[in-house]
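With chain A fixed as given, assemble chain B onto it according to the hints.
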Amino acid sequence: MATKRQRFLRILIPYFYLSPSIIFLILFTYWPVINSVYLSLFRHSVLNPIPIFTWLGNYESILKEEIFPTVLKNTLIYAIGTIPFTMFLAFSLAVLINEKIGWLRNIYRVSMFYPTMIPMAAAGMLAVWLFNPGIGLVNYYLGKLGLKGPQWLYSMEWALPAIMITAIWKNFGYFMILFLAGLQNINKELYESSELEGAGFFQKLRFITIPLLGPTTVFVIIVGVITSFQVFDLVHIMTQGGPADQTNVIVYFIYQYAFRFWDIGKASALTVLFLIGLLTFIIMLVRNIERKVHYEV
Amino acid sequence: MKKSKLALFILLFIFSFSLTFAGGKPEAEKQAPKLVRLTFYYPVGVAGPLARVINTYVEEFNNTNKGIEVVPVYSGDYDPTMQKVQTAVMGGNPPDIFIVEISELPTLLAMNAIEPLSKYATKEYLADFFPAFLENSYDEKGEIWGIPFQRSTPVFYWNKEHFKEAGLDPNKPPKTWQELKEYAKKLNQPGRFGVTISGGWNDWLFEAFCRQNGIELISYLKRKININDAKAIEALEFWVDLTHKEKVAPPHSTWASTPPDFVAGKTSMLYHSTGILSFLKNSAKFEFGVGFMPANVSYGAEVGGGNLHIGKGIPEANKQAAWKFIEFLTTPQMAARWSRDSGYVAVRMSSYDLPEMKEHTTKHPEYLVAKEQLKYAHGKMMTPVFQKVREILKTALDEATAGKIEPKAALDRAQKQTEQLLADWLKK
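From first to last, the protein sequence lines stand for chains A and B. In this text, residue positions in the first sequence follow our numbering: the first is 512, and each later residue adds one. In this text, residue positions in the second sequence follow our numbering: the first is 13, and each later residue adds one.
Bound-form chain A, shown alone (with noise of 0.2 Å):
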């Protein structure tokens, strides 16, 4: 009697649980991101406020846009600039900080997290005048090391880097903790044994740490890929794109299309083409690394 209807509550209760996530999802995750691709087929903005459909003409628009490839340049050269010194610089000092050296490894890794801790807006004022090429901190060093600094933001090849190092200061932090938390879930006797078998230092590293993190540096990557091509506040506080567009990266192209040139039919375009990007972009990646990964312990 109470069987089918028992084995139906057993279906939905599951459902009620997770449904003020999946409101919340669907209401600010998945209903604008079809929202989007509807708007982009029309031709919205403030010089057409009565929305025109044209099927894909705001793609073409875009991709006839002069600057745009200045802008998928920037993005990626942030990207491969970012994400592997990032995670090098997060990687060593996580191993580091991962030996045993008494007392002063929790300073360490207190200061060391201290960036990640900043408001990225903070942290892109200090930056402005850490690279301001006349009175900026930067540059009295370089020149007391007897270099002559580059005028960073007020250069249209520096500006870029300038933001990036930022990125990399700031975000180096949060990957060690990552880091540290992979190493920390290593097993003690394997290194116990390899030590007894006469490994030293980089051969425990390359044979034991560097295998059993993977897990730990697939989700590092993902993380990494994801943040940096959603780039924003950085270059909204630094540079507002600026010189000559020479630091206008996708997301912030975006933001200049939707909030300020308020040209809603190419800002939803865009975002189509930046998430079909972005995920294929991730799919791909986890795919080809996921294989190479040990999930034991």
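Hints should not be assumed to be uniformly reliable.
Said to hold, decoys possible - Only pairs whose alpha carbons sit at most 35 Å apart, straight line, appear in this in silico DSBU-like list of lysine-lysine: (1) B:K259 <-> A:K584; (2) A:K659 <-> B:K420; (3) A:K584 <-> B:K428; (4) B:K135 <-> B:K46; (5) B:K420 <-> A:K575; (6) A:K584 <-> B:K278; (7) A:K575 <-> B:K96; (8) B:K243 <-> B:K172; (9) B:K278 <-> A:K655; (10) A:K655 <-> B:K297; (11) B:K78 <-> B:K324; (12) B:K176 <-> B:K198; (13) B:K172 <-> A:K655; (14) B:K172 <-> A:K659; (15) B:K259 <-> A:K655; (16) A:K655 <-> B:K257.
Since the hints were made in silico from the structure, they are not lab data.
The following block gives chain B in isolation, referenced to the frame of chain A:
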């Protein structure tokens, strides 16, 4: 079984609740309209102290006008303010009063975001405003849509000590472009630029150079784009001379960082808004001068800053009250007070005849420079989607000053891009 019913009930409840949020408009109209409450969005270029000043004005207005309550909302810089206004307008809930950058007028009109003001603004009232400040208030048909409030022009600053070192008369700033170039060459040193034409709003400064060369970059009333006019190209060539050929000016810089550069002696001469005058006075440890921007064909400048607007479609009582507030903010006394508090130019001519203003300007005559320069000043360029036009122009300027592209090619491209962007508007 009971549990399951409860669960279903809660589920339904949550769904209906979220639906009310998503779709239903709460039709709770203001039931007790005794008190007219107005939201007032305002940006200030300099955060902190000036925001407090505005809040004081609002408080005074609220205390003397029973039945009206203005709620001031500090909305950041000009860009975020415009974004907040636009989203509010699109959501059908515009702010009652707001200040945005003056070049946004055509965009506001295209969005149908503001009320016409000719009903309220009398001829006598408007006659006392500096005419250059009013140029960005009218549409093509002569209707008035905005009232000047925080208004400025770019001016020219020079470091008198550097002038002395270089053997120049510290009380004689360059009067022409030619002199500017010569002086900059003399003042330039390793680690110090002769002159800095501030970036960030360099489109605004470029417009001033174009005026000095006798060309209006964009004519709103004639719907004409003159970005690649020979005279504009000549102005950009002059910039490129300074930045790329002679290397006496930085090719790029940011709006916020050049005043500290000047204070630190990293540049001897500076083009910037009159709005930084108080900052320089408080921070510079050397004597500096404030003057007109050097002339070429003539002196020339553009006005800048923000106008007061009334949001479209607000209730009649709110409109009346909003206008009362605008009048309050723009009396000669208040305009003079705002000018003293902020460093902006007072928008009313009679403000400068008030005894307290006379006292102030005799003590600090440098505050009069921007006001005197108004004789040579014009309205700021404006078009619909002006922010995009700005980006196009800035990219052209930045690439040219870095020597990446010839001035003519840069401006030809910017002209083409702008014409494409505004094709529909230009046709009409």
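(message) I'd like to know which numbered hints this structure contradicts. Please list them from smallest to largest.
(response) Going through the list in order, the structure violates no hint and respects every one.
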